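Got chain Z; can you put chains F and D with the ligands on it based on the hints?
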Amino acid sequence: MNKVCFKNINKDNPSSLATYEASGGYKVWRKILKGELSQGKILDELKTSGLRGRGGAGFPTGLKWSFMPRNQEGQKYVVCNSDEGEPGTCKDRDILRFNPHAVIEGMAIAGYVMKASVGYNYIRGEFMEPYYRFEEALNEAYGAGLLGEDINDSKITFNLYTHLGAGAYICGEETALLESIEGKKGQPRFKPPFPANVGLYGKPTTINNTESFASVPDILAKGGQWFADLGVPNSGGCKLFSVTGHVNNPANFEIPMGTPFSDLLEMAGGLREGRKLKAVIPGGSSTPVLPAKAALKMNMDYDSIDKAGSMLGAGSVIIMDDTTCMVKALTRLAHFYYDESCGQCTPCREGTGWIYRVLKRIMDGHGKNEDLDLLLSVQDKIIGNTICALGDAAAMPVESFIRHFRKEFEHYIKNGESMVAKDG
Amino acid sequence: MVDIEIEIDGKVVHGNSGESVISIADREGIEIPRFCYHKKLSVSANCRMCLIDIKGNPKPQPACSTLASAGMKLYTKNAKAKAAQKAVMEFLLINHPLDCPICDQGGECELQDVAMEYGSDVSVFNEGKRIVADKDIGALIHTDMTRCIHCTRCIRFGAEVAGIVEMGGTGRGEDLKIEPFLSEGIQSELSGNMIDVCPVGALTSKPFRFEVRSWQMNSIQSIARHDLVGSNIFTQTHKGKVKRVVARDNESVNETWISDRDRFSYQGLASEKRCLVPKIKVNNEWREASWQEALDFAVNGIKNNNSDGSKFGALTSKNATLEELYLLQKLTRGMGSDNLDYRSDFANPAAANILKSSISLAELEDIDHALIVGSHLRLEQPMINHRIRKATLNGASVSAINAQTFDSNYRISNNLLTAPQNTLATLSGVLKAVLNEASEKQPDYLNSVVVEQAHKDIADNLLNAENAVVILGEHVNGNPDSDGISQLVKDIAEASQAQTLNVSLTSNSLAAEQVGFRPVNGKNALEILASDLNSFVMFDIYPDFDCFNPESAIENLSRSDAFVVSLNSFEDDSVLKYSDVVLPIASFYETSGTHVNIDNISQSYSASVKSAGDSKPGWKVIKVLADLLEIQGFEFVDSCEVADEALSMTPSTSVARAKITGSEIPEISTVWQCAPYSVDALVRHSSSLQETQIGQINVASVSKATAKLLKLSEGDLFKGVPVNINNSVAEGCVFVHTYQPRKC
Amino acid sequence: MISDQAKKEIDIWVAKYPTGRQSSAVMEALKIVQAENGGSLTNDLIKAVADYLDMPRINAQEVATFYENYNHKPVGKHVIRFCHNISCMLNGADDLISYLETKLGVKTGEARKDGLVSVKKVECLGACVGAPMCQIGDKYFENLTEQRIDEILDGLK
Ligand SMILES: Cc1cc2nc3c(=O)[nH]c(=O)nc-3n(C[C@H](O)[C@H](O)[C@H](O)COP(=O)(O)O)c2cc1C
Ligand code: SF4
Ligand code: FES
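Chains as they are written, first to last, in our numbering: chain Z, 1 to 424; chain F, 1 to 744; chain D, 1 to 157.
The following block holds chain Z by itself, in its conformation from the complex (with noise of 0.2 angstroms):
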């Protein structure tokens, strides 16, 4: 537990400068600025790891840094996505809050690795007490000489700072994100062309989530083998999960990947006293929910999620129990889809507003037997067709919702109420 970004959430002060140095931090940094830790080494050493895009999509990080073409001329640009509006998920807020400076040197690494001199991280608007913890590891980092130009006569020039988010959750979409920087209105671009070759103002850029850069520090220093024996094969390390829901002892915890769920739902305090698990969203609310069975039976990586019927995302775990009206939870999804939905794309823009609504007919008891079946073509006529992948998040707890709870759907279809007593 808590090996990496974790590693010092409960000492003094995990905040500061010190704390962080004293567990070997800034060491890496301190290293490159000398000249002593090469970019073809970093990226070895990162694709050793096996570490994985912590932001959902899973994407091997150090291919992605590869794909920049960081011997291109002109400026280029790293961004960490800390906009974290996944429900469920809440992992990158205490990596913000308790280990800053972890980000701000796993960016600054890849800011030397791709030839960027400039990053910006991306906090959502809400994270004010985050925020303003990562300015004050800014200022302490600024102060020591870390960050600045031509840093230590190194050559090496890296600012960072911070931009702040104002609601709107398509903002962690990487390019909605980087629109969102340039002062517009948050609406994902096309792709391709890929932010590494087209990004911000037009410039080359890496964007990777926080936890994502909060993991690079360490990999380097203890070596891409050290990270890969944490995990299971394709798993590489240690991930934070959020466990939520109706579990006695709802928090984050960074596990080593391949963990039982059985052993995660046990750290989490279990289930209340007398309640039952019913169903699992392992990797926050736009992954497919499991029933109870197929998620006591899943470990937490990614390929053994998968092999379950779900997706490790952002390893946010929702739990509910028996108390769960699955009609309601759905269309809360459905609702927070449709009300964060960008409205550039015609699926999604009508879409998302079509699901709600049938849905809150069938909550407002005047659901019709074709529901269902409508629910159902609705979701996959969005899926697969829309600019960027909320179309798809949108759709897709639809499918499996409906797929493993039909009787309850059914029920109050019929009854216009729910199949259960009381939900929690």
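Check each hint, because a few of them may be wrong.
Simulated crosslink set (BS3-like; lysine-lysine; CA at most 30 angstroms straight-line) [stated by the list, open to error]: (1) 390/F - 307/Z; (2) 103/D - 120/D; (3) 177/F - 121/D; (4) 184/Z - 157/D; (5) 390/F - 157/D; (6) 303/F - 577/F; (7) 135/F - 184/Z; (8) 34/Z - 222/Z; (9) 7/D - 203/Z; (10) 135/F - 47/D; (11) 239/F - 610/F; (12) 139/D - 184/Z; (13) 40/F - 177/F; (14) 40/F - 203/Z; (15) 115/Z - 191/Z; (16) 390/F - 191/Z; (17) 86/F - 360/Z; (18) 610/F - 577/F; (19) 31/Z - 16/D; (20) 139/D - 11/Z; (21) 155/Z - 293/Z; (22) 414/Z - 368/Z; (23) 184/Z - 303/F; (24) 206/F - 47/D; (25) 40/F - 184/Z; (26) 120/D - 155/Z; (27) 610/F - 191/Z; (28) 59/F - 47/Z; (29) 191/Z - 40/F; (30) 86/F - 191/Z; (31) 203/Z - 16/D; (32) 191/Z - 80/F; (33) 120/D - 157/D; (34) 177/F - 120/D; (35) 11/F - 80/F.
Computed list of chain Z residues with no C-beta within reach of chain F, every gap over 12 angstroms [as the list claims (entries may be wrong)]: (36) 11; (37) 35; (38) 38; (39) 182; (40) 186.
FYI, nobody ran anything at the bench for these hints, they're computed from the structure.
These numbers come from a predicted model, not from an experiment.
Just so you know, even glycine gets a beta-carbon here, dropped at the ideal spot from N, CA and C.
Showing chains F and D with the ligands alone in chain Z's frame:
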């Protein structure tokens, strides 16, 4: 160019790598449905209608944003593509009002068309449709935003083509609304194109609203005649009336766009002020007459007042057709007179120097620098300005020598404010700077010229450019030094190896030049209007707007011994004051004719509708007058024959070198610019154009210091126009820009 | 329209972005003038921000209407933003929101007549391990119960 092979629906086709798949399909005639894609706008890929199946891709991909690469295999109609397209169509329709029967776009709606093919019959959507409140966005465009499908073409048009970011998408998700900021409305001179780019009936023509259904109209190919481009249009008519004008594609002329002036001027045709019957003045009383009577009256008047023709003069507006200009010229010369001109608004029509344009419209997009001399290009020549704007988007820079800093839709990096009386000196400075830098010999007249830094900067701009153009604008016409200015522009262009573009002669002036509608030895416009001639034919002249000095012109023409035959389309008090006969002639779109554009392309068109009331096409009236005056050579059957003869003339091209001597330098001078929607009688009578902000332009701008000299304060009237004191104007001049009648 | 103090704050943000990219600061600029105006924006303020940052007004309005954190109607001095998304919902957020509404005598989405508070239901605020939770000003309040809410409300002046 075409360098790769791809396969679409099993057919091997060719394209350029990096070209979008949809554009290849379009060229090959393979139909892919689309809404947001527009060949002249950036790709947004947001409607998702063009989704197709690309081999090797798990998800369907938009054809508009997918770039072709060699060997690609695409399926536009297989099950996967069709399913995606149908899905999108269904989503687009759930919140669409489907009010086609009362929609002005009905019958020409891209949504309707695509829905027929890709929609399903029954909608399973029962959740209540979205209603969007409408905003008043101005006099030209009507909005029905409930019909909007959020394709963002209008937004992109504004940002990318019109060059003013006016439309935007506010809100998000389902609440996304396409609208301008608050009620500021749309102000662009090209705004009407938003109507054309809107694929549905969300943006429609306000003047056209509820007039007729689109399929009831005839579309007639025609040419717009308000500027030097001659944009290609369709006039759409119903029961003998023009109901609407829309753009017609012609890549080398107007691409796909037309200006608002070209689009909405037709409204003037229905004005109550049309001249519908001939009128004659007997004993100082006007009365209606039959054509026969009026023509006899006119011919007798002319005959009685002329012994050898030298006492005869003819003036025409620049809007006349090539045929009308040719015939009137022939009539005048047949009368034995050389007193003829089309430049009645020139301060100095004696100036002979005609600057030739050496660059074509399309080539303008490739320039890397433009120097504009004396032009508010955006409002004078919107489509030419648009080409320059495109060049700037590709990195070209622009400098200007103007009496005022104008609102432009691109950056003018070097703006040298110059009052008219100093233009000659400034250009001399620039020429000298160019010659100095190029180490060329200088002519003597430049000896005493002082080169200032500003002149050098402009010279550098020109010399550093590979492909520059110098543009001469219409402000030169009101300048007594016009001859010298044109000569200097030519010299500067030559010395810096730049191209030239002369936009000072607008509308159909180049047709007038083609047929020699200017005196060789006789009197020019100013002289005609100040002379003791005693019989006149005034073709389409409205002296308050068309004459340099309306007051003296009207006074002179009103002499008791002057017999004036006027041919007009619109009633006009000043015309009635001095005329003895008014013969009603067809207006724009009511006559066949030919327009000669800036590329010297003659574009002929036929009449879209019959002329109003008893009015007759101008060329026919002139022909009959000539016949009655017993002048030979008018045996024409139709206007084509006239055009053929006119175009076979070889206009005299040799123009003597103008002397670069300044006229007397006034301390303070005036630039009088007619507002764009007042340039001719038709636009002046188009009520919707008049209601727009551009139509309401009425300001005499003056600097603080100059205002002090003239004892003017803010809001005072200068020649009838409200004064605005601001620092955008050169010292020593008042810049009048107005829809009002001209005051000398 | 924009105070000198606000301009100073905006300029700090402008300085973070490359020259000519000052419109990147529009989101913060809008927040700054919104705070100065008691928590909500007006069209004139949006216009002023756009003009100050030299960007098209409609683009500033797009931003002001796209993001959730801008208000276009006057709000209470304290805005209680209560999460009702899944993790909070599972932990009783709906009941607590009703409790809050009754206790304050105000409906979600509205400001109370005396102008002291307004309550807004919002989507996930990224503190799901502390569900149910709400945000007031810069601060998060987690693991809420009726009793905890009473205490918090007592502290609002
Ligand atoms: C709708 C949507 C929301 C997203 N939200 C977040 C987010 O809040 N945080 C995040 O790091 N990634 C988010 N992502 C994923 C990012 O687009 C991107 O993949 C990620 O930041 C890349 O970083 P990584 O490779 O380190 O994971 C979101 C994606 C989508 C489609
Ligand atoms: S899928 Fe939704 S959020 Fe993504 S671009 Fe389309 S409308 Fe915007
Ligand atoms: S035309 Fe391709 S997505 Fe709209």
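How the hints compare with the structure:
1. Taking the CA atoms of residue 390/F and residue 307/Z, the gap is about 54 angstroms. The hint is violated against a cut of 30 angstroms.
2. A C-alpha spacing of about 15 angstroms is found between residue 103/D and residue 120/D, which places the hinted pair at or below 30 angstroms, so the restraint holds.
3. For the suggested pair residue 177/F and residue 121/D, the alpha carbons sit about 23 angstroms apart, so the restraint of at most 30 angstroms is met.
4. Taken as a hint, the residue 184/Z and residue 157/D pair is broken in the structure, with Cα atoms around 36 angstroms apart against an allowance of 30 angstroms.
5. A threshold of 30 angstroms between alpha carbons decides the hint, and for residue 390/F with residue 157/D the separation of about 58 angstroms lies outside it, so the pair is violated.
6. Between the alpha carbons of residue 303/F and residue 577/F the distance comes to roughly 21 angstroms, so the proposed pair stays at or under 30 angstroms and holds.
7. A hinted pair counts as satisfied when its Cα atoms are at most 30 angstroms apart, and residue 135/F with residue 184/Z qualifies at roughly 23 angstroms.
8. Restraint check: the Cα-Cα separation between residue 34/Z and residue 222/Z comes to about 18 angstroms, which is no more than 30 angstroms; the hinted pair holds.
9. For the hint pairing residue 7/D with residue 203/Z, the CA-to-CA distance comes to about 29 angstroms; that is within 30 angstroms, so the pair holds.
10. A C-alpha spacing of about 18 angstroms is found between residue 135/F and residue 47/D, which places the hinted pair at or below 30 angstroms, so the restraint holds.
11. Between the alpha carbons of residue 239/F and residue 610/F the distance comes to roughly 10 angstroms, so the proposed pair stays at or under 30 angstroms and holds.
12. For the suggested pair residue 139/D and residue 184/Z, the alpha carbons sit about 27 angstroms apart, so the restraint of at most 30 angstroms is met.
13. With a C-alpha separation of about 23 angstroms, the suggested pair residue 40/F and residue 177/F falls inside the 30 angstroms cut-off, and the hint holds.
14. For the given pair, residue 40/F sits about 25 angstroms from residue 203/Z by alpha-carbon distance, which is consistent with the 30 angstroms threshold.
15. Between the alpha carbons of residue 115/Z and residue 191/Z the distance comes to roughly 23 angstroms, so the proposed pair stays at or under 30 angstroms and holds.
16. For the proposed pair residue 390/F and residue 191/Z, the alpha carbon gap of about 26 angstroms is at most 30 angstroms, so the pair holds.
17. A C-alpha spacing of about 25 angstroms is found between residue 86/F and residue 360/Z, which places the hinted pair at or below 30 angstroms, so the restraint holds.
18. With a C-alpha separation of about 29 angstroms, the suggested pairing of residue 610/F with residue 577/F holds against the 30 angstroms cut-off.
19. At most 30 angstroms may separate the alpha-carbon atoms for a hinted pair to count; residue 31/Z and residue 16/D meet this at roughly 27 angstroms.
20. Restraint check: the Cα-Cα separation between residue 139/D and residue 11/Z comes to about 23 angstroms, which is no more than 30 angstroms; the hinted pair holds.
21. For the given pair, residue 155/Z sits about 57 angstroms from residue 293/Z by alpha-carbon distance, which is inconsistent with the 30 angstroms threshold.
22. At most 30 angstroms may separate the alpha-carbon atoms for a hinted pair to count; residue 414/Z and residue 368/Z meet this at roughly 8 angstroms.
23. Restraint check: the Cα-Cα separation between residue 184/Z and residue 303/F comes to about 73 angstroms, which exceeds 30 angstroms; the hinted pair is violated.
24. Simply put, residue 206/F and residue 47/D have alpha-carbon atoms about 28 angstroms apart, close enough for the 30 angstroms limit, and the pair holds.
25. With a C-alpha separation of about 23 angstroms, the suggested pairing of residue 40/F with residue 184/Z holds against the 30 angstroms cut-off.
26. Taking the CA atoms of residue 120/D and residue 155/Z, the gap is about 50 angstroms. The hint is violated against a cut of 30 angstroms.
27. Restraint check: the Cα-Cα separation between residue 610/F and residue 191/Z comes to about 54 angstroms, which exceeds 30 angstroms; the hinted pair is violated.
28. Between residue 59/F and residue 47/Z, the direct Cα distance comes to roughly 28 angstroms. Compliance with the 30 angstroms bound is thereby established for this hinted pair.
29. At roughly 20 angstroms between alpha-carbon atoms, residue 191/Z and residue 40/F fall within 30 angstroms of each other, so this suggested pair holds.
30. Taking the CA atoms of residue 86/F and residue 191/Z, the gap is near 23 angstroms; set against the 30 angstroms cutoff, the hint holds.
31. For a cut-off of 30 angstroms, the pair hint linking residue 203/Z to residue 16/D stands: about 17 angstroms separates their Cα positions.
32. A hinted pair counts as satisfied when its Cα atoms are at most 30 angstroms apart, and residue 191/Z with residue 80/F qualifies at roughly 20 angstroms.
33. Distance restraint check for residue 120/D and residue 157/D: the Cα-Cα separation of roughly 18 angstroms lies within the 30 angstroms cut-off, and the hinted pair is therefore satisfied.
34. As the CA atoms of residue 177/F and residue 120/D are separated by approximately 23 angstroms, the hinted pair is consistent with the 30 angstroms bound.
35. Proximity of residue 11/F to residue 80/F is assessed by CA-CA distance (about 18 angstroms); at most 30 angstroms being required, the pair is judged to hold.
36. Distance to chain F confirms residue 11/Z as a non-interface residue, since its nearest Cβ pair spans about 42 angstroms, more than 12 angstroms.
37. No beta-carbon of chain F is positioned within 12 angstroms of the beta-carbon of residue 35/Z; the least distance is around 39 angstroms.
38. The non-interface label for residue 38/Z is consistent with chain F: the shortest C-beta to C-beta separation is roughly 34 angstroms, beyond 12 angstroms.
39. Under the 12 angstroms C-beta cut-off, the non-interface status given to residue 182/Z relative to chain F holds; the minimum distance is some 14 angstroms.
40. Look at residue 186/Z: its CB is around 8 angstroms from the nearest CB on chain F, not clear of 12 angstroms, so calling it non-interface is violated.
When the structure is compared with the earlier hints, violations turn up for hints 1, 4, 5, 21, 23, 26, 27 and 40 and for no others.
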